[in-house]
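Build the complex from these two chains, which are given one at a time in their own frames, with help from the hints.
Line order of the protein sequences matches chains S and R. With my numbering, letter number 6 in the first sequence gets 6, and the count goes up by one each step, no holes. With my numbering, letter number 28 in the second sequence gets 1028, and the count goes up by one each step, no holes.
Keep in mind the hints are simulated off the structure, nothing from the lab. Any given hint could be a false lead.
Said to hold, decoys possible - 25 Å max Cα-Cα, derived DMTMM-like pairs, lysine to aspartate or glutamate:
{"no.": "1", "chain 1": "R", "residue 1": "Lys1170", "chain 2": "S", "residue 2": "Asp255"}
{"no.": "2", "chain 1": "S", "residue 1": "Lys186", "chain 2": "S", "residue 2": "Asp197"}
{"no.": "3", "chain 1": "R", "residue 1": "Lys1034", "chain 2": "S", "residue 2": "Glu187"}
{"no.": "4", "chain 1": "R", "residue 1": "Lys1170", "chain 2": "S", "residue 2": "Glu223"}
{"no.": "5", "chain 1": "R", "residue 1": "Lys1232", "chain 2": "S", "residue 2": "Glu223"}
{"no.": "6", "chain 1": "S", "residue 1": "Lys192", "chain 2": "R", "residue 2": "Glu1377"}
{"no.": "7", "chain 1": "R", "residue 1": "Lys1101", "chain 2": "S", "residue 2": "Asp204"}
{"no.": "8", "chain 1": "R", "residue 1": "Lys1172", "chain 2": "S", "residue 2": "Glu263"}
{"no.": "9", "chain 1": "R", "residue 1": "Lys1232", "chain 2": "S", "residue 2": "Glu263"}
{"no.": "10", "chain 1": "R", "residue 1": "Lys1167", "chain 2": "S", "residue 2": "Asp199"}
{"no.": "11", "chain 1": "R", "residue 1": "Lys1228", "chain 2": "S", "residue 2": "Glu236"}
{"no.": "12", "chain 1": "S", "residue 1": "Lys133", "chain 2": "S", "residue 2": "Asp211"}
{"no.": "13", "chain 1": "R", "residue 1": "Lys1101", "chain 2": "S", "residue 2": "Asp197"}
{"no.": "14", "chain 1": "S", "residue 1": "Lys96", "chain 2": "S", "residue 2": "Asp240"}
{"no.": "15", "chain 1": "S", "residue 1": "Lys186", "chain 2": "R", "residue 2": "Glu1288"}
{"no.": "16", "chain 1": "S", "residue 1": "Lys250", "chain 2": "S", "residue 2": "Glu84"}
{"no.": "17", "chain 1": "R", "residue 1": "Lys1170", "chain 2": "S", "residue 2": "Asp141"}
{"no.": "18", "chain 1": "S", "residue 1": "Lys250", "chain 2": "R", "residue 2": "Glu1288"}
To be verified - To spell it out: a stretch of chain R is covered by chain S in this simulated footprint if at least three of its residues, at any positions, have a beta carbon under 8 Å from a beta carbon of chain S; those stretches are:
{"no.": "19", "region": "1100 to 1110"}
{"no.": "20", "region": "1245 to 1259"}
{"no.": "21", "region": "1284 to 1295"}
Every residue, glycine too, gets a C-beta built ideally from N, C-alpha and C.
Next come the chains, spelled out residue by residue.
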Amino acid sequence: MIVKQIALAIAFSPRLEANLAEAARLRKLFDAHLTLIHVGDHEAHDACVLEKLFEKHGLSHQNTHVLWKHGNPVEAILDSCREEEINLLVTGAMEKEGIITYLKGSIARQLGRKAQCSVLMLTEPSVQPHAFKNIVVGGNDHESKTSYTLELAIELARRDQAKLNIIQEADYHRMAQLGSDVKSEKEISTIKNELIDEDRKKLDSLLSCTDCGQVHVNTMNIEGKPGIAISNFAREHQADLLVLTAPENKLSLFDRVFQHDMEYVLAHLPCNVLIVHQPQFN
Amino acid sequence: MSKLAHPEMITLILSIGIMLLVARFLGELARKLKMPLVVGEIIGGIFLGPSILGRYYPDLNHSLFPLIGNVPIALNGITSISVIMLLFVAGMEVELSLIRKQGTTALKTSFLGLSIPMVLGFYVAHNYYNLFRQTNTQQNLVFSLFIGTAMSISALPVIARTLMDLKLFKTKIGMIIIAAAMVDDVIGWLMFSVVLALMKTGVGSYEVLYTLGYTLLYALLMLTIGKKIIDKSLPWAQRNFSWPGGILSIALGLSFIGAAFTEYIGIHAIFGAFIMGIAFGDSVHMNERTREIINQFVTNVFAPLFFVAIGLKINFIANFDLNLVILILGLAIVTKMLGAGLGALWGNLSLRESLAVGFGMNARGAMEIILALLALEAKLITEPLFVAIVIMAVVTSVMSGPFMQWMLQTESLKYPAEPEEQLGI
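This is chain R alone, in the form it adopts within the complex (with noise of 0.2 Å):
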């Protein structure tokens, strides 16, 4: 087995943890001026990579991340398990008992929200293909549907932040937003599986029924059979394995084995671990603690690693295309906007708390910028468009908050002030 020579072993670790120390000083700051942890490790990354190291210090920055030899393709390695970690993460966020708690206002929001910016995405994408920069019109069909499934996802966990400090977590509009947030997390995430095996496939082959048959099978016999049985194990090894370290390696292990599968019957692997994360995340002898401990262990180790590792591979400021940005963000914008709030609409709520669904939805947050990251890697979109997309992610989740707030602000009375406010007191 070949293996890395001294000097690439002290780079790859040296890398690790200069980008460890890098992402949790600048995701700090970013936390400080309230914005998500992930805008910081991006930073980062821009930092430490092509765009400003690289600019200014190359030799530095080549000695640190070479971008040829044993080392990035080690590097290369430990974020393909990052993504494979961050999705099932994301999957254990997923709740079902609160999707079917929320009934058909959470369905109505999130079938609209997922469906209308899918097809408007697809739409412009497909008929102005030109605009989004991009070179290989083979691909235009896979192309449109992926810009329609980027259109329709939304960053659960920047949502729920958001609904927390505005007070409205637990209110009913606050769990409509969650509930149609996971929902489409759900399905964004198949859709964009299909997508990728799409790719694979070619879109006229019969292989793509296969797929997508394989796939709806998978996440069907996952969240049933698959959740009784994790359901029924987890007892038995959390009373005879040691605690955290064993339900620890399960979990993983798992949720790496789900991935393996995925990856074999043609779907990406990440759909496989957010599936298990679902499956897993939904058990009811699921550890408080334990979910904790994964959350922390992907957050704060696996998750920096992946992030800056974008600005590594990107040259985000020789790829920065205003015009796209402004196509992206106006597209993301105006399609969940109108897509989440008539959902909201139809569910019976009023226009301005139609408006705050609509902003909550908007939020695209880390998933987004994942899922630009694969279709970069699969060569479905070029570097212009991705550093497009990462920005498009940042900005709807900074801007998500406070215009919710604005939103909000008249319907004072359906969210009153507590009642020492009411006083004065």
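Chain S with its partners taken away, still in its complex shape (with noise of 0.2 Å):
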């Protein structure tokens, strides 16, 4: 099983129905334990809203449980996922957000870029929630790394019989341009598909690894800036979640002034975005 531990960071906001309900949906596809982290006091009053919600979704304290942590609420999620060994961080996320709070941070950005397991940010989670339906997915080579979350792309779309586009999104034109100081169109698209061909031979060597099963996958490659290219393709295509594999190193506010791939993504989610790490945790 891929995932076997989900957390929920929570604050008693407008919101935390829904997202407790997504959450609960995911416990339930991947059998999974949630655990709830809620940064801030444990009130009485708290628990008992939770208690409550706790039954109107199904969930029990066998399969859930709540940590109630104080301290800086970023790092304080960071670590209960470390010490609870989550696979996958659930957390709720505005789809776009003003400069400042942008280059600051928001909380589901801070998680987004630091965590070190997988995290689904929601961008419109519903009290009652559906299955996903139509799962965009990187396919860009980014060594072993693509080959898991292709799996993990396939495994949910298999639960949620969701249909699949493996997206691999690159410059081709630009990087067929470079390769000299004059070209002709003809010669320019000759390189375009050549390197296309790599990337798509790329990629049929990362699937013909991976049991596809029943779903019902498309590939596909896009012309464009990486992040911007599949942003872009996952809003046009109304797909219901975007997943991306993470950077190898965490993203820092550096990343956010000459902007990293996945910080085009994260300055407007198209729709709900996976980020996946790989197992840190048996």
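What follows is the structure, given as structure tokens:
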């Protein structure tokens, strides 16, 4: 099983129930354990609210428990994820943030940037959650990491019976132009097709090692700046989940100023976004 | 306002026409021989200039390309504009996100690939100044800095084309080389701008620090705030202006404004255009067709004029000095191979891969020639040294591909043949 331990970062906000309902659905989908992490005081009233929500969304103390933590919210949540050996951290997130919040980093974005486990950022959680129907996955080659991302996305698509689009994105045209001082359009087009073919072969070889089963997989190469291109694709094709491989290193302010591919996605989430890290714990 | 006389106007437009046609024919010939187009363009200039046409048909040479009067001034203006546009296009090729993605291996390769040639080049030039046939000993320090910079530059288009020919462009090693060459480009042009500024201000002056500060500030502002402004404005311009003319005007207009600004604050105009090119080319809203049109426009019209004009200015035969050519070529190859190779080794590549990186980064191409011409115009180097640098740029560019291929042949396990080839189909 790919996801055994799911965590949900909670705040007693209007979106609490919707976030909890989504996390409960995922817990059931993967038959996993759910940990709710709240950073703040343990108020009796809050505990009471949670008990009611547990009952409403089919959660029990056997499959779910709550951690009440203090301190810096981001650090406390990340520490808890490490301690609880979480595979998937779920958090609500705004689709877009103002420039100051973006540069400073909201809690959800900071979790997405710093977590060592996979992070699912929900943009429009619902109290009556639906299965994902249209999943878009980034298939760009990140060495061994991509195969795990594909594995997780395929597993999710299988369980939710969703359509899966695996997208490879690159500035193929720009790369083709780069290769010479002067080229004809035909030459540029030939080089571009060669670059796309190379990418396709890499993806085919990754997919040949993964059991796709009954999942309907569609692969595509799209032109554009990585991060932006897949984001636009997900938006235009009304995807309900975008799955991306986590960057090699934690993202910092530098990555927002000189934008990392992932930061283009985080700047304006096109839909729910799942950032996949290879599992740290067995 | 004074203007060109009627015969001068005819001479100017005739010379531009001949330059473009000769550059195209010889450029295409060079391409057929698997050499960079620039090689053909420079040879075109050598044919039309004092080296060949001037030697055998001096009257024809002087009537087509006069050395005095308004025509050379106008032609010089055109080549100055050409070099600004060339640097703008070179800047547009730099992809900041690619540099970031390749991380420490690319930075290590770039750091040593840049610093070792720079330090060794500086050391040799400073201590063996006479070997370079320089006469102005007062500029020893600035000259040594120039040689260091000239040794450190890498030609991105040549490297990219070589990697594509070898089907290595999208491999790990390919991306490392490209990213490292991009970093080298940015730092190399920054260094060169400082060297040119040093010539104006003098080495001991406080103005140097101001110039360096302004240079860094300009680069930082343009690549952060400037890039964001371009990012926000481009979609609006693409919606409201005619395509591609509108964007072409904005791109080139901004490149000239950037160039004028850096020239005003004491850095050379090329640096302003180069940084503006990075900011513009890295915009997420930059349409690929627009990029291609700008690229084609500059590389097919202005680049040939610039490179042919080099041959018109210099007598390559009279200024050919074999010892100097050997010195520059040897210094360039040894320092770059050592620097980039050690950098790649430091970045955990194998010895053969590192040597391949060294050969890849060794290509100097057109950028080196631009650098040398600017130094010649600034009277920092002599004509024999200029000729030696041009030859070095051509030789290193031509040798890059075959040597990389040779180095990577035994790395076949890492770079396997396509499945059909393996099966012998």
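Taking the numbered hints from earlier one at a time, note which ones the structure violates and give those numbers from smallest to largest. 6, 18, 20
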